Amino acid sequence: MDDEVESIEMKPASMRKTFTLRNKVARQAAVNFMPSRKMAYSTLRLRRVSSEHNALLEASMSDAPDAVEKQADIIVREMEQHHHLMEDNPLSEELRREALRDLPQGLTMKRNIRAKLSASVSLRSKRRPISMFKRMKYRISFTWKKSRDHFRDFIFSIELWYEAIRNIEGHLGSAVGSYFHLLRWLFGLNLMLSIFLISFIVVPQSLFDNGRNRTELKFVDFISGMGGLEDTLLFYGHYHDGIISTGPFQYNMPFAYFFTMVSLYLLFFAVLCYRTADSYRRNFIEPAGGGGGGSAVRAALATKLFCGWDFGVASPRAAALAARALYHEFRELLNEQNKKKEVSSIWTKIRQRLTNIVITAIVLGFIFGILYGLWLLLSVEDLTDNREIYISLIITAVTAVCPIMLHFIVKLEFYTARTALYVTLARTWLLDIGILMLLLVFWVQSDKSCWETSVGQEGYRLVALDVPVSLFLLPGIELIRGLLFHYKFIETPPEFNIAYNSLTLIYNQSVLWFGMMFSPLLVVAITLKFLLLFYVKRETALRACQTGKKVWRAAQTQTVLYALVALSLFSTLFALGSLFLRSSPACGAFGGYGRVYELLTEGALRLSQHSAVFAVLHFVTRPGPIAFVLVALCVAVYIARARAGAQRSMARLLRHMLRLQAKDKDFLLSAIEKVSNGEWLYSPKSEEYGADSHTWKYVNEVRKPSNAGYHFDGSRLSHSFLERPRSYVKENRPSSYVERQKSNEDGDTDSSFSWQGSSSYLNQNDVEKS
Amino acid sequence: MGQGKSQFTEEELQDYEDLTYFTKKEVLYAHQKFKALAPEKVGHNKNAKLPMAKILQYPELRVNPFRDRICKVFSSSNDGDCTFEDFLDMMSVFSDNAPKAVKAEHAFRIFDFDGDDMIGVSDLREVIERLCGPEMKLSDSEIQQLVQNVLEEADLDDDGALSFAEFEHIIDKSSDFCHSFRIRL
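Those protein sequence lines, which keep their order, are chains A and B. No gaps in the numbering here: position 172 of the first sequence is 172 in my numbering, and each next residue is one more. No gaps in the numbering here: position 121 of the second sequence is 121 in my numbering, and each next residue is one more.
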């Protein structure tokens with residue numbers, strides 16, 4: 001809201017071109033003395049106010065030797081107005097530090113100001129003994145700050161692939177960089193997962209295994225994960241279902257397995273949710289806010305102008321490409337504008353909508369067709385020897401090819417470019433997650449004795465078979481295309497397809513979420529894969545690829561990608577919760593329990609021994625209470641929505657009031673100006689204003705002849721105003737007051753109010769915009 | 001980094017950490033980068049003033065269409081020559097940690113070529129010409145039309161120029177500004 005206030009209050013300062021700079025500065029100074037300006041809202045305002053003073057200063061004495069000193073003095077005086085900044089305690093010191101850091105000044109100036117400020121603070125401070133509690137508070141906040149700084153320092157020194165990503169951003173722009181950021185983030189996430197899983201699950205089990213002889217392995221086993229690999233650390237079925245005791249230590253394997261998995265799933269779900277929500281707030285809500293009420297400014301071109309250049313670009317070739325891309329975008333925008341706007345009839349609209357619906361239906365049918373086919377394929381037994389491998393191969397092929405197909409299909413539909421991208425992403429994700437769900441469901445309902453291991457093996461095969469595709473095949477194709485381009489066989493170099501590449505990452509991560517429960521070492525495999533993928537992708541990106549021809553808007557897409565990762569984890573949690581928890585395990589770590597959830601109820605809490613707790617829990621988990629909770633949640637959501645709606649309309653109202661107030665202020669300012677120039681009440685002729693202006697209303701309604709005691713030719717006045725063509729008003733706006741006077745010397749000499757000009761501009765403006 | 005360390009005392013580093021968005025290690029790293037632009041001169045005097053031509057050898061600045069403006073905005077002597085502190089200032093504003101408002105403030109000054117605290121028609125023309133690069137040229141009328149469009153979109157008070165508030169309004173609406181207005185150290 002503060003910013004809104006500012007943006008409106010700033011308007012009067014620049015209302016007329018006719019103002020000379022001096023006038024403007026003087027007026028701004030007046031505005032700065034308004035009470036609202038004197039309040040300490042934020043450092044932002046503080047900064048701006050002081051920089052306006054700089055403008056004032058620079059106008060008067062630009063090259064004075066002690067200008068720096070004086071400027072510093074002014075800023076210090078501004079800051080001294082803000083009492084919370086000037087107290088002698090660590091909190092306000094920290095605030096001071098932040099305010100200082102946010103000043104748009106050079107370091108020398110900041111240092112100067114800081115010296116003056118601290119002198120002033122120590123002058124003001126009354127040395128009072130502070131209480132124990134306060135001292136504790138300060139000490140804690142100080143330590144917290146220190147450790148945060150140290151942490152940031154540490155993070156910087158271990159930041160992985162810093163130079164590499166910087167290099168990529170320099171060559172291909174920060175959009176491609178964002179893919180590598182996602183890759184690095186997922187790699188870090190999986191690395192942490194691996195560390196936890198290895199230390200809590202794999203290491204104890206391998207200690208327990210120590211001494212058992214191993215079965216021999218065939219090559220096919222490495223691809224299928226069956227045969228010799230089946231009963232190894234890789235899969236759930238292998239894990240011990242009792243207490244491992246080595247010497248004095250006892251380690252309850254089922255508990256370790258269960259609680260490590262559950263806490264990791266929940267922890268990373270929380271992290272992902274937080275990250276997605278944060279990114280959503282920054283990239284969707286904040287840009288949309290502020291202008292929601294009627295005056296939503298869609299400054300597409302201006303955004304392109306001021307945010308179009310990627311300052312991170314460092315190579316001349318990339319810079320030339322970026323310049324060309326911007327050039328084409330500008331041309332495109334102009335062309336679009338110059339083309340006669342086709343009036344799309346309702347029929348074309350209906351046709352487009354229908355096409356979209358039909359194609360979406362076809363695509364959904366296609367996806368479910370694939371899933372059904374897969375189900376049939378899985379159900380067929382004894383096709384060949386290695387049918388599992390073939391099925392996994394088919395799945396890998398489908399997940400590699402379908403995104404490309406969907407990418408082409410979406411071109412048949414009528415979406416904007418960005419929506420088309422999101423639609424493709426959503427469909428691909430649906431296909432991927434559908435396949436994984438299907439595998440899980442198939443194995444759960446199969447009557448195999450140790451189906452958990454089978455699901456783990458499916459995950460293992462998918463990861464193993466995806467390795468050649470994403471590490472060798474796709475980069476190979478890119479490299480070959482790059483070479484062909486290099487030797488001028490083809491016209492266009494391969495583009496780095498951010499969407500497709502990110503989808504591969506998300507697919508891998510989804511497989512990980514699904515397989516982790518049943519195959520702990522899968523996490524390690526995917527971590528290694530991402531590590532290799534980073535280097536492979538870096539090489540192909542730098543050697544073969546170029547930036548896209550379109551300027552890619554990265555920020556919002558990034559949010560969508562995070563959301564997809566979070567969603568796939570959510571669906572995994574859902575599937576595992578509903579299918580796995582109620583199943584009766586026959587093997588593996590939970591083999592000793594009738595149902596998986598009994599591990600919690602019987603094993604950890606020993607509910608059967610506490611009959612009261614058991615009864616309570618039993619009651620709570622019955623459908624009735626759960627339905628009640630659901631209804632309560634729905635009511636809560638409804639209330640939250642209603643409140644949000646009310647607040648939105650309140651915000652709209654307030655914004656409207658602000659705008660009116662700004663107009664009033666402007667009106668008064670110009671009135672005061674006229675008074676001080678001695679033009680009150682008498683001027684040869686008012687300038688243009690329309691029937692919607694306040695002054696017009698004032699003249700015609702409030703001061704109607706019947707109201708006032710003298711004759712006033714309102715009709716003639718309004719006539720002359722309304723008849724004036726709009727174009728004349730807009731183009732021939734006189735550039736100075738004298739000129740305005742001249743242009744109006746058309747014999748019309750009756751007296752009228754002249755203190756309306758400014759607001760009439762504003763009004764006109766609003767009418768044209770709305 | 002041992003070499004860099006010897007050139008700064010702990011107090012100086014703390015000072016820089018307080019006044020910029022960098023940590024101590026990052027300050028040292030920035031100094032390395034600065035030193036790489038003119039090893040002898042900076043080795044001699046850690047806060048040496050380098051001429052604009054030298055500063056513009058920094059890869060990101062070399063290809064930036066607004067390179068001379070950036071140097072001028074951050075130069076303490078206003079002529080484009082930068083000391084290490086100016087350079088540090090520049091990098092701090094372009095870093096990830098700088099808030100949007102600070103970035104917007106400096107972006108405004110960079111785009112304000114004639115320095116009248118407003119982005120006027122001539123400034124907009126200059127921005128468009130520079131963005132399109134030296135090879136591709138839009139015709140005069142096309143640029144005129146683009147400028148007109150920008151003003152129609154963003155010039156809320158119809159005075160034919162963008163004030164800081166209007167500029168910030170555009171920036172606030174764009175989720176990409178922080179992504180694009182960034183030079184990693």
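Hints in this document: simulated from the structure, not taken from any laboratory. Take the hints with a grain of salt, since some may be wrong.
Stated by the list, open to error - 30 Å max Cα-Cα, derived DSSO-like pairs, lysine-lysine:
#1 B:Lys137 <-> A:Lys116
#2 B:Lys49 <-> B:Lys24
#3 A:Lys137 <-> B:Lys25
#4 A:Lys116 <-> B:Lys100
#5 B:Lys54 <-> A:Lys116
#6 B:Lys49 <-> A:Lys116
#7 A:Lys134 <-> A:Lys145
#8 A:Lys70 <-> B:Lys25
#9 B:Lys49 <-> A:Lys70
#10 A:Lys116 <-> B:Lys24
#11 A:Lys145 <-> B:Lys49
#12 A:Lys70 <-> B:Lys46
#13 A:Lys145 <-> B:Lys72
#14 A:Lys70 <-> B:Lys33
Stated by the list, open to error - Covered stretches of chain A (chain B as the covering partner; in silico rule of three or more C-beta atoms under 8 Å from a C-beta of chain B):
#15 95-108
#16 270-277
#17 323-330
#18 622-633
None of these values were measured; they are calculated from a predicted model. Glycine included, each C-beta is placed from N, C-alpha and C at the ideal position.
Hints, verified against the model:
| no. | hint | result |
| --- | --- | --- |
| 1 | B:Lys137 <-> A:Lys116 | violated (51 Å) |
| 2 | B:Lys49 <-> B:Lys24 | holds (21 Å) |
| 3 | A:Lys137 <-> B:Lys25 | holds (28 Å) |
| 4 | A:Lys116 <-> B:Lys100 | holds (27 Å) |
| 5 | B:Lys54 <-> A:Lys116 | violated (34 Å) |
| 6 | B:Lys49 <-> A:Lys116 | holds (26 Å) |
| 7 | A:Lys134 <-> A:Lys145 | holds (16 Å) |
| 8 | A:Lys70 <-> B:Lys25 | violated (34 Å) |
| 9 | B:Lys49 <-> A:Lys70 | holds (24 Å) |
| 10 | A:Lys116 <-> B:Lys24 | holds (24 Å) |
| 11 | A:Lys145 <-> B:Lys49 | violated (33 Å) |
| 12 | A:Lys70 <-> B:Lys46 | holds (28 Å) |
| 13 | A:Lys145 <-> B:Lys72 | violated (34 Å) |
| 14 | A:Lys70 <-> B:Lys33 | violated (34 Å) |
| 15 | 95-108 | holds (count 8) |
| 16 | 270-277 | violated (count 0) |
| 17 | 323-330 | holds (count 5) |
| 18 | 622-633 | violated (count 0) |
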